[in-house]
Amino acid sequence: AEKDRLEDGSKLIDKDTFVFAASGEFKPFSYVENDMTLTGFDVEVGRAVAKELGLEPVAKRIKFKGIVEGVKTGRADAAVASHTINPQRSKHVAFSTPYYYSGPQIFVRPDSKIKTVDDLKGKEVAVAKGSTYASTAEKYTGNIKMYDSDITALKALSGGRHDAVITDFVTGKTAAKEGFKIEGRQLIERSEQAIVLPQDNPQLLKRVNEALENLRQDGTLSKISKEYFGQDITTKPE
Amino acid sequence: MPSFSHFFETLTGSTNVFIDAMLLTLELTAVSILVGIVIGLFFALLKISNVKVLGYISDIYVYLVRGTPLIVQIFILYFGISGIFLLPDFWAAALALAFHNGAYIAEIFRGTIQSIDQGQMEAARSLGMPKSLALRRIILPQAFRRALPPLGNQFIIGLKDSSLAAFISMNELFNVATTLGSNNFDEMTYLLIVAVYYLILVAILTLLVNLFEKKLAVSDR
Amino acid sequence: MPSFSHFFETLTGSTNVFIDAMLLTLELTAVSILVGIVIGLFFALLKISNVKVLGYISDIYVYLVRGTPLIVQIFILYFGISGIFLLPDFWAAALALAFHNGAYIAEIFRGTIQSIDQGQMEAARSLGMPKSLALRRIILPQAFRRALPPLGNQFIIGLKDSSLAAFISMNELFNVATTLGSNNFDEMTYLLIVAVYYLILVAILTLLVNLFEKKLAVSDR
Amino acid sequence: MEEQKTIVRIKKLNKSFGDLHVLKDIDMKVLESDVVCLIGSSGSGKSTLLRCLNFLEKKDNGQIIIEGEEINPGTQDINKVREKIGMVFQHFQLFPHMTVLENIIEAPTHVRKIPKNQAVEEAKELLVKVGLEDKTDVYPSKLSGGQQQRVAIARALAMKPDILLFDEPTSALDPELVGEVLTTMKELAEDGMTMVVVTHEMGFAREVGDWIVFMHDGRIVESAPPEVFFSNPREERTKEFLKTTSLK
Amino acid sequence: MEEQKTIVRIKKLNKSFGDLHVLKDIDMKVLESDVVCLIGSSGSGKSTLLRCLNFLEKKDNGQIIIEGEEINPGTQDINKVREKIGMVFQHFQLFPHMTVLENIIEAPTHVRKIPKNQAVEEAKELLVKVGLEDKTDVYPSKLSGGQQQRVAIARALAMKPDILLFDEPTSALDPELVGEVLTTMKELAEDGMTMVVVTHEMGFAREVGDWIVFMHDGRIVESAPPEVFFSNPREERTKEFLKTTSLK
Ligand SMILES: Nc1ncnc2c1ncn2[C@@H]1O[C@H](COP(=O)(O)OP(=O)(O)OP(=O)(O)O)[C@@H](O)[C@H]1O
Ligand SMILES: Nc1ncnc2c1ncn2[C@@H]1O[C@H](COP(=O)(O)OP(=O)(O)OP(=O)(O)O)[C@@H](O)[C@H]1O
Ligand SMILES: [Mg+2]
Ligand SMILES: [Mg+2]
Numbered sequence: 001a002e003k004d005r006l007e008d009g010s011k012l013i014d015k016d017t018f019v020f021a022a023s024g025e026f027k028p029f030s031y032v033e034n035d036m037t038l039t040g041f042d043v044e045v046g047r048a049v050a051k052e053l054g055l056e057p058v059a060k061r062i063k064f065k066g067i068v069e070g071v072k073t074g075r076a077d078a079a080v081a082s083h084t085i086n087p088q089r090s091k092h093v094a095f096s097t098p099y100y101y102s103g104p105q106i107f108v109r110p111d112s113k114i115k116t117v118d119d120l121k122g123k124e125v126a127v128a129k130g131s132t133y134a135s136t137a138e139k140y141t142g143n144i145k146m147y148d149s150d151i152t153a154l155k156a157l158s159g160g161r162h163d164a165v166i167t168d169f170v171t172g173k174t175a176a177k178e179g180f181k182i183e184g185r186q187l188i189e190r191s192e193q194a195i196v197l198p199q200d201n202p203q204l205l206k207r208v209n210e211a212l213e214n215l216r217q218d219g220t221l222s223k224i225s226k227e228y229f230g231q232d233i234t235t236k237p238e
Numbered sequence: 001m002p003s004f005s006h007f008f009e010t011l012t013g014s015t016n017v018f019i020d021a022m023l024l025t026l027e028l029t030a031v032s033i034l035v036g037i038v039i040g041l042f043f044a045l046l047k048i049s050n051v052k053v054l055g056y057i058s059d060i061y062v063y064l065v066r067g068t069p070l071i072v073q074i075f076i077l078y079f080g081i082s083g084i085f086l087l088p089d090f091w092a093a094a095l096a097l098a099f100h101n102g103a104y105i106a107e108i109f110r111g112t113i114q115s116i117d118q119g120q121m122e123a124a125r126s127l128g129m130p131k132s133l134a135l136r137r138i139i140l141p142q143a144f145r146r147a148l149p150p151l152g153n154q155f156i157i158g159l160k161d162s163s164l165a166a167f168i169s170m171n172e173l174f175n176v177a178t179t180l181g182s183n184n185f186d187e188m189t190y191l192l193i194v195a196v197y198y199l200i201l202v203a204i205l206t207l208l209v210n211l212f213e214k215k216l217a218v219s220d221r
Numbered sequence: 001m002p003s004f005s006h007f008f009e010t011l012t013g014s015t016n017v018f019i020d021a022m023l024l025t026l027e028l029t030a031v032s033i034l035v036g037i038v039i040g041l042f043f044a045l046l047k048i049s050n051v052k053v054l055g056y057i058s059d060i061y062v063y064l065v066r067g068t069p070l071i072v073q074i075f076i077l078y079f080g081i082s083g084i085f086l087l088p089d090f091w092a093a094a095l096a097l098a099f100h101n102g103a104y105i106a107e108i109f110r111g112t113i114q115s116i117d118q119g120q121m122e123a124a125r126s127l128g129m130p131k132s133l134a135l136r137r138i139i140l141p142q143a144f145r146r147a148l149p150p151l152g153n154q155f156i157i158g159l160k161d162s163s164l165a166a167f168i169s170m171n172e173l174f175n176v177a178t179t180l181g182s183n184n185f186d187e188m189t190y191l192l193i194v195a196v197y198y199l200i201l202v203a204i205l206t207l208l209v210n211l212f213e214k215k216l217a218v219s220d221r
Numbered sequence: 001m002e003e004q005k006t007i008v009r010i011k012k013l014n015k016s017f018g019d020l021h022v023l024k025d026i027d028m029k030v031l032e033s034d035v036v037c038l039i040g041s042s043g044s045g046k047s048t049l050l051r052c053l054n055f056l057e058k059k060d061n062g063q064i065i066i067e068g069e070e071i072n073p074g075t076q077d078i079n080k081v082r083e084k085i086g087m088v089f090q091h092f093q094l095f096p097h098m099t100v101l102e103n104i105i106e107a108p109t110h111v112r113k114i115p116k117n118q119a120v121e122e123a124k125e126l127l128v129k130v131g132l133e134d135k136t137d138v139y140p141s142k143l144s145g146g147q148q149q150r151v152a153i154a155r156a157l158a159m160k161p162d163i164l165l166f167d168e169p170t171s172a173l174d175p176e177l178v179g180e181v182l183t184t185m186k187e188l189a190e191d192g193m194t195m196v197v198v199t200h201e202m203g204f205a206r207e208v209g210d211w212i213v214f215m216h217d218g219r220i221v222e223s224a225p226p227e228v229f230f231s232n233p234r235e236e237r238t239k240e241f242l243k244t245t246s247l248k
Numbered sequence: 001m002e003e004q005k006t007i008v009r010i011k012k013l014n015k016s017f018g019d020l021h022v023l024k025d026i027d028m029k030v031l032e033s034d035v036v037c038l039i040g041s042s043g044s045g046k047s048t049l050l051r052c053l054n055f056l057e058k059k060d061n062g063q064i065i066i067e068g069e070e071i072n073p074g075t076q077d078i079n080k081v082r083e084k085i086g087m088v089f090q091h092f093q094l095f096p097h098m099t100v101l102e103n104i105i106e107a108p109t110h111v112r113k114i115p116k117n118q119a120v121e122e123a124k125e126l127l128v129k130v131g132l133e134d135k136t137d138v139y140p141s142k143l144s145g146g147q148q149q150r151v152a153i154a155r156a157l158a159m160k161p162d163i164l165l166f167d168e169p170t171s172a173l174d175p176e177l178v179g180e181v182l183t184t185m186k187e188l189a190e191d192g193m194t195m196v197v198v199t200h201e202m203g204f205a206r207e208v209g210d211w212i213v214f215m216h217d218g219r220i221v222e223s224a225p226p227e228v229f230f231s232n233p234r235e236e237r238t239k240e241f242l243k244t245t246s247l248k
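Residue numbers (our numbering), protein chains in the order written: chain A, 1 to 238; chain B, 1 to 221; chain C, 1 to 221; chain D, 1 to 248; chain E, 1 to 248.
No lab work stands behind these hints, which were simulated from the structure alone.
Note that the coordinates shown come from a computational prediction; the quantities given were computed from them, not determined experimentally.
Worth double-checking, as some hints may not be accurate.
Unchecked claim - With a straight-line Cα cutoff of 30 Å, these simulated DSSO-like cross-link-like pairs (lysine-lysine) come out:
(1) 131/B x 135/D
(2) 142/E x 131/C
(3) 243/D x 24/D
(4) 135/E x 113/E
Kindly generate the complete structure, drawing on both the sequences and the hints.
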């Protein structure tokens, strides 16, 4: 897989564009409009980063579980797709500095007795394939269902399947607002989400981090956050 | 591409999980084919009945299944069935696959029933047998026998098709492969491993179907 | 189940996106069948060549494709091809599908080539034509003509199979349906809509294949 | 012949397939214990007439009267009527998935509902009658054509019909196997079985037939006892037909 | 006859299919302008011999000498040799996807590489010769069997062969079409074409043949001019064979 090499040593699929992946199935972080244009918080952050890098942004939809592989194999220059930083992923790809802070939450049907992680024991918990929530869930139960996307998992939950879903609290809240019969329970932990880059491209990582820093400084990041969530999730909570 | 030694290590290291998954795949396939046989027989009988409307119903069913991709059917049925009554996951997946297999099996039965010499029905009727009795005692037993090899083939096709149950969270072979693959960031190795499992299963089944076909041909009793 | 009026509104409201997706589906199918024809012809020729090893190679290819689920093939090829050279997504998907279709098309060609009377080859050879010339001028044109109806069928099968390209991020019909469905939290409606698109496409194609078959049968020149 | 009962009476029977008028105003009578041989060239309607008698084809109009009762598929239970009318087909139509014995007891046990052991008993007697007592447990595919046809006759007899219909029972047989089937049929005739036989075997018709019916183009052209029919045909058509048929 | 050139010479030719020894020590000679008729009962090896002559079958051992040169598929270009030896098959084997004209010019243009317009010219002359000048642009399926076979002859002639082989050229034809093909072949013979004809048409063999070769069980049993062969056969086998063949 041959990429274009820039003067500063960073490598891009095409020297004029910044191709970044997002799943499109993680509303409101990334989703598509009814005309299939990709949008959402992740996507807008990606666009802002591209602009900061002086490159043409190209947002590309890849199923979530294929994104890391996609970045590794050069199908995208980077992924702005709500990837939680964790050690397993760090072995295969590089992470930028976090661009938002969030955390997995337990979602259940309104009539459920499940309140905290301790109630999950032995219960059937669904998560999106390739997400870090699988390993989160493993800590509390042995009975895990894998779905292709968070929304499919929530949909199945709402329809009466399995006992709980662990997903990002913002995603769950949005689905509940859209009429899914679900409720959020315990917020399990805090997590940091970052842009994913290939490991063999340190120069690009450096430039992306610089770009993120600039966007933090000039308030662009928090502006995008407020637009999508009504609150700023881009600063580290105390 | 993974190195051969890495592939081999992963293959031997994962046999436990994969054998469980293989059993689930086989179970899913067997149940969906068996239920598919019931569905298929039902629609084949509708089709050969003298009531035109019933024939059309059968045609529409077959057309709907043959006219849309399996993955679309699986999603619709899985969520559709769920919307009506809540079946356990296994049964929801198995029924979705059975609905699909049923249309192909209906065509198999229709074909083999129509391949039975019209004279057999006439001979039975001329002995005073009512149509339903003649069908049950004379036509269907012969049609079933002829249907066995194509049913064997449909089993093999159904086995491969069951991989799509991965998308409705069945932990069958393909789902296990992609899950392990993405957890270990090593999709290729696990995909190749699961391909080996499928190849072996298909090889064994093909062998059985062929043996069986030969045996039927010999004992053309 | 969505109400009919809601279904109908969504159907009419989304035609633009779906027609784009349909074109991509058709494009993907057409390219994968055309490339599949080249691959299929190549392996069919290997198979009928007098060199045994080449025949085995062809057998292995067909066996690998028929022995594993399409979704496994698509994933392996998509990531495998990506590992070697960076093709545009469309081509990676099209090649993966072509690789799959190629095996079935190889079997179609092998069958139709072998269905041509052996005497045609002998007649050509007796006129002093070398084997390759006889193949090109006499056998293949006849085999191609006979292959057209089954190729038409393979196109229909390929059309449905192309839905699996959704999983390697092609915005074809099925992908658009599930994406819009999940973003609007309304999967069922969009799945039913996409089923309608497939049904119409398959109906049109089936009609064309049948018409064509009839025309061939009449002009049995 | 006054004392003979009329088993079958056909009056003004008509039958068309679409535009093709196949049976035209057929009038016919079959008396008890008689063997009626139906002859005529190909396409003249012999099979169709026979099939109408067994209601495998639906007549367009006319009457079919069996043992004094007019039969109409709408009003009577046709299966009950069929129990009285056995039929033997050109291509035997044994049930290939059943042994010879099972073939024979199938209808008695499932239609007449007689106990299985009684049915087996009777079947074995019938097999002795047709000379196949050693083939009881054999599958049809293991039998020669002639043997298959004799089993088919036994199967029809097992329903104890009042009349047996034969549609060219020997024309699918190799020449050397024709004799054994004709012999069996002749024995049946001697036992007093009422039979209607469509046949091209003129020797058989002459020797065994009590009455010959000659059809041409959907009509019964001539109908007479064999002595008269073969030596002294009335109609031009009949003479022509007999000329083309080499009578050995 | 001393001045006639030897076109084909076969010496001690043997051919087996697996265990089946089909041709046994065949010795044979075909002189220029002669018509040799190969006769013999079914399975005697006539077709195999003819096919060996055209190298469609590989001989086991022995020599095939064509126009003085021994031919071995390993050393010579067999396609070059085949250009000199035309063959006409029992089932015509016209190319169904080509018109009559295209059938005929196919080999001349693609093998002999002569210009297309010249090939068309020659093809039309040949079609006149076989009496089918009005069928130029017709597809084979629209022709009767006899017409197809005559096109096949024209197709073979278009390569200007030194010898033509025929394998039962009329036995797939309806009886009323046999004559037209035999007439064409007779005309060819009169034009001085060298021909080897496997045939069951004894009348043709007697009238047109210059030499009759009788095969039995893989051997040439007798070989003589027709006058001698038919009226005065030497061998017992030959007499038997001629008795079974009704010579009209
Ligand atoms: N099911 C059918 N549909 C249409 N036409 C039919 C059907 N059965 C018979 N016929 C036509 O009816 C005519 C009489 O047929 P039938 O079989 O009674 O003649 P047949 O006297 O038995 O002749 P054969 O000696 O050839 O058996 C024929 O022209 C036949 O083609
Ligand atoms: N390709 C083959 N493989 C095996 N056996 C063959 C093959 N071709 C011919 N034979 C056998 O060789 C013997 C001679 O066959 P051949 O066709 O030469 O006889 P023939 O004299 O032409 O007979 P016919 O008059 O029936 O055409 C036969 O026993 C035939 O079965
Ligand atoms: Mg008849
Ligand atoms: Mg021959």
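Outcome of the hint check:
1. For the proposed pair residue 131/B and residue 135/D, the alpha carbon gap of about 29 Å is at most 30 Å, so the pair holds.
2. Simply put, residue 142/E and residue 131/C have alpha-carbon atoms about 28 Å apart, close enough for the 30 Å limit, and the pair holds.
3. Annotation: proposed proximity of residue 243/D to residue 24/D holds, straight-line Cα distance about 25 Å (limit 30 Å).
4. The straight-line distance between the Cα atoms of residue 135/E and residue 113/E is roughly 24 Å, inside the 30 Å bound, and the hint therefore holds.
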